[in-house]
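Number of protein chains: 4
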Amino acid sequence: MTRVAVFGATGYGGVELVRLLLDHPEVELTYLARHSTVGENIAQFYQHLGGAIDMEIQEIDVPAASEVADLMFFCLPHAVGAEYVAEALELGNKVLDFSADCRLKSAGVYEQYYGEHPRPDLLEQAVYGLPELHREDIPSTQLTAVPGCYPTSAILALAPAVDAGLIEPNVIVDSKSGVSGAGRKLSLTTHYTECNESVAAYAIAKHRHTPEMVQELSTLGPEMMVTFTPHLIPMNRGILSTCYAQLAGATSLTDALEVYRDFYDGEPFIRVLDEGLVPATKHVSGSNFCDIGLAIDENAGRLIAVAAIDNLIKGLAGAAVQCMNLMIGCDETTALSRYPFWP
Amino acid sequence: MTRVAVFGATGYGGVELVRLLLDHPEVELTYLARHSTVGENIAQFYQHLGGAIDMEIQEIDVPAASEVADLMFFCLPHAVGAEYVAEALELGNKVLDFSADCRLKSAGVYEQYYGEHPRPDLLEQAVYGLPELHREDIPSTQLTAVPGCYPTSAILALAPAVDAGLIEPNVIVDSKSGVSGAGRKLSLTTHYTECNESVAAYAIAKHRHTPEMVQELSTLGPEMMVTFTPHLIPMNRGILSTCYAQLAGATSLTDALEVYRDFYDGEPFIRVLDEGLVPATKHVSGSNFCDIGLAIDENAGRLIAVAAIDNLIKGLAGAAVQCMNLMIGCDETTALSRYPFWP
Amino acid sequence: MTRVAVFGATGYGGVELVRLLLDHPEVELTYLARHSTVGENIAQFYQHLGGAIDMEIQEIDVPAASEVADLMFFCLPHAVGAEYVAEALELGNKVLDFSADCRLKSAGVYEQYYGEHPRPDLLEQAVYGLPELHREDIPSTQLTAVPGCYPTSAILALAPAVDAGLIEPNVIVDSKSGVSGAGRKLSLTTHYTECNESVAAYAIAKHRHTPEMVQELSTLGPEMMVTFTPHLIPMNRGILSTCYAQLAGATSLTDALEVYRDFYDGEPFIRVLDEGLVPATKHVSGSNFCDIGLAIDENAGRLIAVAAIDNLIKGLAGAAVQCMNLMIGCDETTALSRYPFWP
Amino acid sequence: MTRVAVFGATGYGGVELVRLLLDHPEVELTYLARHSTVGENIAQFYQHLGGAIDMEIQEIDVPAASEVADLMFFCLPHAVGAEYVAEALELGNKVLDFSADCRLKSAGVYEQYYGEHPRPDLLEQAVYGLPELHREDIPSTQLTAVPGCYPTSAILALAPAVDAGLIEPNVIVDSKSGVSGAGRKLSLTTHYTECNESVAAYAIAKHRHTPEMVQELSTLGPEMMVTFTPHLIPMNRGILSTCYAQLAGATSLTDALEVYRDFYDGEPFIRVLDEGLVPATKHVSGSNFCDIGLAIDENAGRLIAVAAIDNLIKGLAGAAVQCMNLMIGCDETTALSRYPFWP
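Going down the list, the sequences are from chains E, L, Y and A. Residue numbers for the first sequence, in numbering that gives the first Met the number 0: 0 to 342. Residue numbers for the second sequence, in numbering that gives the first Met the number 0: 0 to 342. Residue numbers for the third sequence, in numbering that gives the first Met the number 0: 0 to 342. Residue numbers for the fourth sequence, in numbering that gives the first Met the number 0: 0 to 342.
Some hints here could point you the wrong way.
Copies of one chain are not kept apart here, so a pair can be met inside one copy or by any two copies together.
Straight-line distance between alpha carbons at most 16 Å, and here's what the computed EDC-like set of lysine to aspartate or glutamate pairs gives [stated by the list, open to error]:
no.	residue 1	residue 2
1	K184	E222
2	K104	E58
3	K205	E110
4	K205	E297
5	K205	E123
6	K205	E274
7	K104	E123
8	K184	E25
9	K184	D261
10	K104	D120
11	K104	D136
12	K104	E115
Please keep in mind that the hints were generated in silico from the structure rather than gathered at the bench.
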């Protein structure tokens, strides 16, 4: 039984993590913390968790948590949690960090997108927590960076093609995200009546998740160029990423699918769809699956790879649990085996 | 390990049942059937179940199913499944029926709402599958009628008040249901663009679920009068029933809550909310919970009891699994313990 | 040409009013104001109005507005605008007030729900701006109180029955509202991911709109008792009110419909539906219509009257324009004749 | 006063057209027709139009319609209406066709996407009804082909860049459409519970609207290559097209915006957004506007042009009315001047 602490337990990523951990037979939740409001039960923030845990929300006190926990999740905004992460590592805990602070290998790249890095030393020791690319490194690391939701979908959609040299290293990622990706913080953009019945792009060609895509895809082939446009979609959960790349040479759809199936052979949460099927976010909603579908525009010599994930599960809390399972040595699919909800 | 057959596995109730059973450690799915199309995998009807079960959809052949199963779920339209149910019982199987065919005690009442009953003999032996009212009878019955979704919410909202004699036997049930309650059958009413961004009542004061409410509430007190108005709400899942009743005498909200807490003491899936909290369908979505909140209009001398359920879980497939657990002697909460999704 | 000022032009009611007035041939918008931010074009608050008006947002300065306007709309929160309203009246302007400050006849009742009234003298001179009940008084008044959205639907649903003595003076109003009714102010309740895919009641039996219903219905018959429960529905616009009342004597549906048709004879915006048809908010969305449908529960001796309106048009800005048309002597339907949007 | 007939009046395009024409001061609706069901009022298909027109739905009888009308809209599926269109032209009527039958110049290209053309002679005489590209030809034509909804958004997004030679002739159009684009015909894809809370691509790189984009953009520059991927979004109305093209040379965003502003100078329904603003479908919903925003990915040397339209107005019925206005010689904006709905 691993004793687990969750810092930032009341954001959407945190509360989804708590829901998954409550169903995990080899884990015991021992410490829940958040900024500012303490001393209350989690059901005071989330009525749906009424009766779930008889535990008060604590202060963010890493040493205190370290007394009762062996593994810690940090679901805090970037830059806010870095010192806590360092402290937790020093105290010997295993750590999974939800923020961007440990994802990038280069402090310089981090600075371009997020400002100066508060603890650049963390960058070296962190493993990028995408088991499909880094399964060998995760069990032995003390620090896993949980990937961004958009990068997870884009990297999984394109990795096999890059790895096999099927495409030119210059891709377009056009992503569509449900509103939960913006979190629980109030804003006009996510006010119901402002985003319902609308779709819009935002942060065109300058979103912070771009360098993660570049970094991870570049480990599989030549240095990548990525043009990334996220869109906000009026639904709660889900990301669909439609990725466009010029084929490096003539490739049939059958061959491309074969490349993808080989690359993801044995992966418990990747479903490469048969020819003619297309992914939909609803097909994965409530699950840790990533569905991938391919098409080829023969006239234009283009590969179109589409990936669908539940942004809060495979795109965040589920990915974190999957990595945790590897880090604590239990079956990788524990607490993640449920099929998607329908409808 | 109980071997289970599901007839009508490809409706929304059926597929939700399959999803829950896939997660049940003491159950093995051995036979999936539906009308007309056979010989295909369930993922051909539901892409989200890709990889879930390596089983073909079979014909509706009860004796064949009886060779491999001990317990059968019938998720077929009313009147269609009654003969199959009878056949299954004769062959010694335990049966849970999703239709209205076994819910009412009176063939005459059935006939007023549904037409002539194809097998009135079933009415006597069936137990109404609401564990909160009939837990003692379910373990020993061979036949459980899974309650209607609207009645589940209304009966649970009002039962303690009726039982304690708090209210006059004449109630109004104003229910709001997500669209999944209408099933997967195509209709203009459930065409996306026709029901999205709209709310409407239907079948005012003549819906088929009314006599179930009357029957079950009347077992707890005097013969009830129920005015029932269902409404269609633009969301996938959930039923909220707002119930109005004249108080029989002066009762404080505190006392009324006490009556409800006593009545539901120990119930694993009923949450009586504290004063000031109100139920929302989202608070129970994806779970088997029924949340109940109370208010009193002192000027008018009225009790307002509000109940929220996930119509496909506590209102259908989850209730069926809860009853099945009682019928096969395993823990009542097995496969039903997950907390609601948020958001 | 009437010169018009709008105070509080950037709330949802204000901006909908501006949209309608832009299409009005006998009105000229001369002054737009809001609290705090001034000196900006309205398109800086509402991108959809890009290019609409070449006018800066001004301070709330009634005398300055009075220089350029003859008629003023106050779309300000209750209590905030009362002094401005009084000032505008003193300067000789015609005034339409969107807040609750001028709706109730009794300062005592106002105080129970809103706190002390800042200008109780306004209560006497204001006309309640429901043309279907007060058409004769509106043309000559200097001050019209635009009714609340919920009361408009409930009063229109019940007025003919009360007026004809069809029902007992004790009714239940169960209303379902789209989220725009809560305005543009940020709150967790109206955060997209919190209210999407959910339905909940709020302010059960204590909502501030209750006394308006009581007041207006009581002018048509005996003193009314109203139990009112509003619900939040995941859609942008629309209110559906389902109203329940005990019939005073035996009445057929045909007779009840006849009573309603007579009562609303000649009304340009009321549509009493034929037997068997039910109102839906979508049937009136984008229009000034109020659709009303009736049903009778013969067993229980109850009338169920259902009304649907677009909460921002017939429930707010459209009603205001309808009253303004009467006040300035132009055709009552000017700028309001468009049919609803579909889908 | 132009007398107008509408064939196919009960599809979503037809009914939106009827709504706009009801508000048009220089047009009289004289003939409404649809297949199969005749002899009923339009409100029997669309309750929201109750009281709108005292006219029965007629058979599709072009000579009969020609007795009472001078101008005809055909809102019929492709191939179905071509003979009727030809008949209407022979009888001297002006015609606007909503289908794909008159949009393409090449019968061969038509055949690749739609099958053999029933009346290839129509292709020569039709003008493609995009006033922004063909305003000079529309007033004098007898036959206007109303453009497809997706092509309208993509062509308007890219035309200035193609015309000015800013981009390479090889573009990606990633479009997101509300569900009304799929019409009122029932299908599992547009069943509420199947498409709500989901986003998916469809017809990747093979949608029938592709050749329209190629044809029209190629008239402004070299022969284009277009990779087009449409997506279904859970909302009623709106299309957002995100278009990607390689810049032909170094171009600043300021310069690109200047090119767009010049190209669309004086256009009543095109709004080129200022730097930093992005289009959203909600900003144009309910209006005939097309909003266009630009961004440049300097690293990748790409232009990203985003266009938003209301698919049923600028993408269909509004475009048709705009063209009709030109064909009958009244002001181009008549009946189209209303600002978008909000929220």
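So, going through the hints one by one against the coordinates:
1. K184 x E222: Close neither inside one copy (36 Å) nor across copies (46 Å); limit 16 Å.
2. K104 x E58: neither (30 Å within a copy, 52 Å between copies)
3. K205 x E110: within (14 Å within a copy, 42 Å between copies)
4. K205 x E297: So K205 and E297 pass the 16 Å test across copies only (10 Å; inside, 30 Å).
5. K205 x E123: neither (25 Å within a copy, 45 Å between copies)
6. K205 x E274: Between copies only: 14 Å across, 33 Å inside.
7. K104 x E123: within (7 Å within a copy, 60 Å between copies)
8. K184 x E25: neither (32 Å within a copy, 42 Å between copies)
9. K184 x D261: neither (41 Å within a copy, 38 Å between copies)
10. K104 x D120: within (10 Å within a copy, 63 Å between copies)
11. K104 x D136: within (15 Å within a copy, 59 Å between copies)
12. K104 x E115: Classified as within; 14 Å inside a copy, 57 Å across copies.
When held up to the earlier numbered hints, the structure conflicts with 1, 2, 5, 8, 9 and fits the remainder.
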